[in-house]
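J.: Chains as they are written, first to last, in this note's numbering: chain A, 2 to 390; chain V, 274 to 634.
None of these hints come from the bench; they were simulated from the model. Backbone N, C-alpha and C fix where the C-beta goes; we use that ideal spot for every residue, glycine too. Do not take every clue at face value.
[What the hints assert, rightly or not] Cross-link-like lysine-lysine pairs, in silico, DSS-like; alpha carbons within 30 Å at most:
#	chain 1	residue 1	chain 2	residue 2
1	V	Lys276	A	Lys353
2	A	Lys353	V	Lys539
3	A	Lys353	V	Lys495
[As the list claims (entries may be wrong)] One side of the interface only, derived from the structure: several residues of chain V facing chain A at Cβ under 7 Å:
#	residue
4	Gly406
5	Met410
6	Ala448
7	Val456
8	Val459
9	Ala460
10	Ser464
11	Asn596
[Claimed, not checked] Simulated restraints on C-beta separations:
#	chain 1	residue 1	chain 2	residue 2	range
12	V	Asp320	A	Phe214	51 to 61 Å
13	A	Val192	V	Arg311	53 to 63 Å
14	A	Leu388	V	Leu435	16 to 26 Å
15	A	Leu156	V	Val336	52 to 62 Å
16	A	Phe152	V	Gly334	37 to 47 Å
17	A	Asp243	V	Arg317	38 to 48 Å
18	A	Leu21	V	Ile496	45 to 55 Å
19	A	Leu21	V	His474	31 to 41 Å
20	V	Gly314	A	Ile313	27 to 37 Å
21	A	Met278	V	Val336	52 to 62 Å
22	V	Val284	A	Ile68	46 to 56 Å
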Amino acid sequence: MNTELLSWGQIIARILQQFLPVWIALIITFTVSIRYKRKLGLYGKLFDSPVGMVGFMLVMFWVYTAIFADVIVTMDPIAQFGRVKNPLPGTPLIDPKDGQYAYFLLGGDHLARDVFSRVVMGARRVLTIAPAATTFAFIMGVTLGLPAGYFGGKLDIALSFLANLVLAFPVILLFYLLVTPEIRNTGIPVVLAAVLFIFPVIFFCTLFNSRFFTNPPKRNLYVGVTLVIGLWAYFGLAFNLDPLGVWSMDPNLLNVFVSVVFVNSPTVFRIVRGIVMDLKARDYVAAGQTRGESAWYIMLWEILPNARGPLIVDFCLRIGYTTILLGTLGFFGLGVSPESPDWGSTIDDGRKLLSLYLHPAITPALALMSLVLGLNLLADGLREESLKD
Amino acid sequence: MLKFVARRLGVMVLTALALTFVVFYLTNLPPNLEKLARTEGSVRMTDQAVASWIENNGHGGSVFGRYAQWLGVAPGWKLTDGKGVTRGRCIQNNADPATAATYCGVLQGEWGFSTVFKKPVLESVLQKLGSTGWLMMWVMIVMVPVSLIMGVLSGMREGSRLDRSLSIVAIATTATPEYVSGVILVAIFASATAGISPLLHEWGWISGKTLFLGTATSAMDKITFWNFALPVLTIALYGIGYIARMTRASMTEVMTQQYIRTARLKGVRFRDVVLKHALRNALIAPFTVIMLQFPWLLNGVVITEALFNYKGFGWTLVQAAGNNDIDLLLGCSVVAVLVVLVTQLISDIGYVFLNPRIRLA
Numbered sequence: 002m003n004t005e006l007l008s009w010g011q012i013i014a015r016i017l018q019q020f021l022p023v024w025i026a027l028i029i030t031f032t033v034s035i036r037y038k039r040k041l042g043l044y045g046k047l048f049d050s051p052v053g054m055v056g057f058m059l060v061m062f063w064v065y066t067a068i069f070a071d072v073i074v075t076m077d078p079i080a081q082f083g084r085v086k087n088p089l090p091g092t093p094l095i096d097p098k099d100g101q102y103a104y105f106l107l108g109g110d111h112l113a114r115d116v117f118s119r120v121v122m123g124a125r126r127v128l129t130i131a132p133a134a135t136t137f138a139f140i141m142g143v144t145l146g147l148p149a150g151y152f153g154g155k156l157d158i159a160l161s162f163l164a165n166l167v168l169a170f171p172v173i174l175l176f177y178l179l180v181t182p183e184i185r186n187t188g189i190p191v192v193l194a195a196v197l198f199i200f201p202v203i204f205f206c207t208l209f210n211s212r213f214f215t216n217p218p219k220r221n222l223y224v225g226v227t228l229v230i231g232l233w234a235y236f237g238l239a240f241n242l243d244p245l246g247v248w249s250m251d252p253n254l255l256n257v258f259v260s261v262v263f264v265n266s267p268t269v270f271r272i273v274r275g276i277v278m279d280l281k282a283r284d285y286v287a288a289g290q291t292r293g294e295s296a297w298y299i300m301l302w303e304i305l306p307n308a309r310g311p312l313i314v315d316f317c318l319r320i321g322y323t324t325i326l327l328g329t330l331g332f333f334g335l336g337v338s339p340e341s342p343d344w345g346s347t348i349d350d351g352r353k354l355l356s357l358y359l360h361p362a363i364t365p366a367l368a369l370m371s372l373v374l375g376l377n378l379l380a381d382g383l384r385e386e387s388l389k390d
Numbered sequence: 274m275l276k277f278v279a280r281r282l283g284v285m286v287l288t289a290l291a292l293t294f295v296v297f298y299l300t301n302l303p304p305n306l307e308k309l310a311r312t313e314g315s316v317r318m319t320d321q322a323v324a325s326w327i328e329n330n331g332h333g334g335s336v337f338g339r340y341a342q343w344l345g346v347a348p349g350w351k352l353t354d355g356k357g358v359t360r361g362r363c364i365q366n367n368a369d370p371a372t373a374a375t376y377c378g379v380l381q382g383e384w385g386f387s388t389v390f391k392k393p394v395l396e397s398v399l400q401k402l403g404s405t406g407w408l409m410m411w412v413m414i415v416m417v418p419v420s421l422i423m424g425v426l427s428g429m430r431e432g433s434r435l436d437r438s439l440s441i442v443a444i445a446t447t448a449t450p451e452y453v454s455g456v457i458l459v460a461i462f463a464s465a466t467a468g469i470s471p472l473l474h475e476w477g478w479i480s481g482k483t484l485f486l487g488t489a490t491s492a493m494d495k496i497t498f499w500n501f502a503l504p505v506l507t508i509a510l511y512g513i514g515y516i517a518r519m520t521r522a523s524m525t526e527v528m529t530q531q532y533i534r535t536a537r538l539k540g541v542r543f544r545d546v547v548l549k550h551a552l553r554n555a556l557i558a559p560f561t562v563i564m565l566q567f568p569w570l571l572n573g574v575v576i577t578e579a580l581f582n583y584k585g586f587g588w589t590l591v592q593a594a595g596n597n598d599i600d601l602l603l604g605c606s607v608v609a610v611l612v613v614l615v616t617q618l619i620s621d622i623g624y625v626f627l628n629p630r631i632r633l634a
């Protein structure tokens, strides 16, 4: 039996080897993108800015890690191996079975679960929840922010008051109140989900209707498809009532998801409202109004495309912020589930023994930091490049 | 100006009422009350016993009525049980019901009794707030000058190498939430096995095992540099980047103004242009941002106090929420909401006050 610890050089070499699919995917992405960057619009311009490129690389690294996580992991992220607690990085497994990876590459945690595999699997967790939650928050913020900024008046006052109300709520308090096991029995998350999840359906129906209402067959097709898919997903996700069982969400996940969307959307609302108030004095808006276009057409097809620059930048930043929020939830043990390998919970598990064993906490901490840093750098690069034209 | 302040105050009171009601509603949900009944009464109570406990302890009735009682605008509940003993919201242990006050809510200073600390809520919240106050003070002392200097330095020559490097630092700190920077700082400075402490110990530069202490529990009695630097740094780091970027944005905008060019063309030294002409105008926006950072600091305080085991306000909030201590949680929420709203008010008024273009309009 092998009892010797791997040296740091060996550990790094083995980790690099495990990430092989990610490296290949990254190289392909970058070669293709740089080759055709002149034809790719804003995305292509990103490759003119070193900061944006580094950010994009960090983000894509984690995206590909999430995609190829099944191949990269060395062990089952939830299973416990051996009797030794907190094995150090490079510790060999006691009597590994055939086909089992023989080392704890980055050590193990207090239950002797492999830290490396948990962090890799955690990437998949984080990168599915964070962008999805951010998208929902954006659709909600846009759907409410457009009319508030465009029409102003009482609607604006009421919506702004509500948004400020949520913003004045200390986030952590809200999480402690909303993300508890007891609250699931009261049905409040389902009610919140019912309200929040209907916005994408409303958004896309209005989007297609305002554009194609002069061409009923086309309009009916688009709106019909949106309604069928949207309501199908809506009933599945919010009420767990999908007859086919395709759309469903674990109640705990739903709770976390809803709280994160709820916290994020008022900020998006304020940003959209501000941009719309600025843009509605433009000539193309006046032209649309003179042509007799409907208000929603002007908002969704004239103003919104012109507001995309700041919105894309904020979207990147907000995914990072959502990642931080999810981490915070995990850190306080309010996360998706105690077993889950998401980074916040892993940091929380590791911090209790921080003075003795660093490796269980520091690996997910660095992972989270690098992803958020990547997103922030990407946003910075995009902002710079979009300001150039 | 007065009208503006009055309107802002009105909105603030309305917001405070709405927020405290939401907190009251969420903390007094039936499952929480049932849990309270089982912890206060007995774990093996039947469902009926739980229901009657809730009813007999003033948690029955409509949530609006209970909220009004808690706030102190409705008379507190009173109940006389079968043995002729009258108990009620306003009646202290074994006090004479006849002399008890009619109203006793938050407005009257009766914040209830904490089931975790076995102390009146107001007392424990104020005491913990004191500890957090020290933390906040040091965070501000570190954070505000550092971030302003960073922002001004990078904003005064946009696109320079100094600007680029400082911007990267600022972005990096905003990407590092407290629970990450705390872990990293502990790893570098306060771990007996990693970072710089083992080296320093080996060289005989430090007598203890670690350079800084990994917990701030001892700072409750006596704050020293060694037990307080890491928590302060942890909270400050996350805010520094954000304020620095805001200051930079405001500074770059000011530096493109006509009067700056005029001053430069007159032959004023660059240093004087920055210090005398640009700085005052560039610091208006960061003022609001710093004020609005308080709610974010609250977040950071909760995380950092949990991480470093510093028993302040954030730690209390975690204890209250984790132990279903309804009165204490409500007390903490009132404080948190007030902090947020008051800083918003100061930031609004301060912005108007500092900016002559808005003040005189």
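J.: Under 7 Å is the threshold here; is the Cβ of V:Ser464 close enough to any Cβ of chain A for the hint to stand?
T.: With a closest approach of 6 Å, the V:Ser464 hint holds.
J.: Taking 52 to 62 Å as the hint, is the beta-carbon distance of A:Met278 and V:Val336 inside that range?
T.: Violated, since A:Met278 and V:Val336 (Cβ atoms, about 37 Å apart) do not stay within the stated range.
J.: Lying within 51 to 61 Å: is that true of the beta-carbon distance V:Asp320 to A:Phe214?
T.: About 56 Å separates the Cβ atoms of V:Asp320 and A:Phe214, which means 51 to 61 Å holds.
J.: Using the Cβ atoms, figure out if A:Val192 sits within 53 to 63 Å of V:Arg311.
T.: Between A:Val192 and V:Arg311, where Cβ atoms are some 26 Å apart, the hint is violated.
J.: Take the shortest C-beta to C-beta distance between V:Met410 and chain A; is it under 7 Å?
T.: Hint on V:Met410: violated, closest Cβ of chain A at ~19 Å, above 7 Å.
J.: Using the C-beta atoms of V:Val284 and A:Ile68, is the stated range 46 to 56 Å upheld?
T.: 47 Å, holds
J.: Less than 7 Å between beta-carbons is the criterion; does V:Asn596 satisfy it with respect to chain A?
T.: It is violated, given that the least Cβ distance between V:Asn596 and chain A is near 11 Å, above 7 Å.
J.: Is the interface hint satisfied for V:Val459? The criterion is a beta-carbon contact with chain A at less than 7 Å.
T.: Status holds, d = 5 Å.
J.: Classify the hint on V:Gly406 as holds or violated, based on whether any CB of chain A lies nearer than 7 Å to its CB.
T.: 17 Å, violated
J.: State, for the Cβ atoms of V:Gly314 and A:Ile313, whether the hinted interval 27 to 37 Å holds or is violated.
T.: Roughly 56 Å apart at Cβ, these two residues miss the hinted range, so it is violated.
J.: Given a hint of 45 to 55 Å, does the C-beta separation of A:Leu21 and V:Ile496 actually sit inside it?
T.: 50 Å, holds
J.: Check the hint pairing A:Lys353 with V:Lys495 against an upper bound of 30 Å on the C-alpha distance.
T.: Between A:Lys353 and V:Lys495 the Cα gap is close to 24 Å, so the pair holds against 30 Å.
Violated hints for the displayed structure, listed by number in ascending order: 1, 2, 4, 5, 11, 13, 15, 20 and 21.
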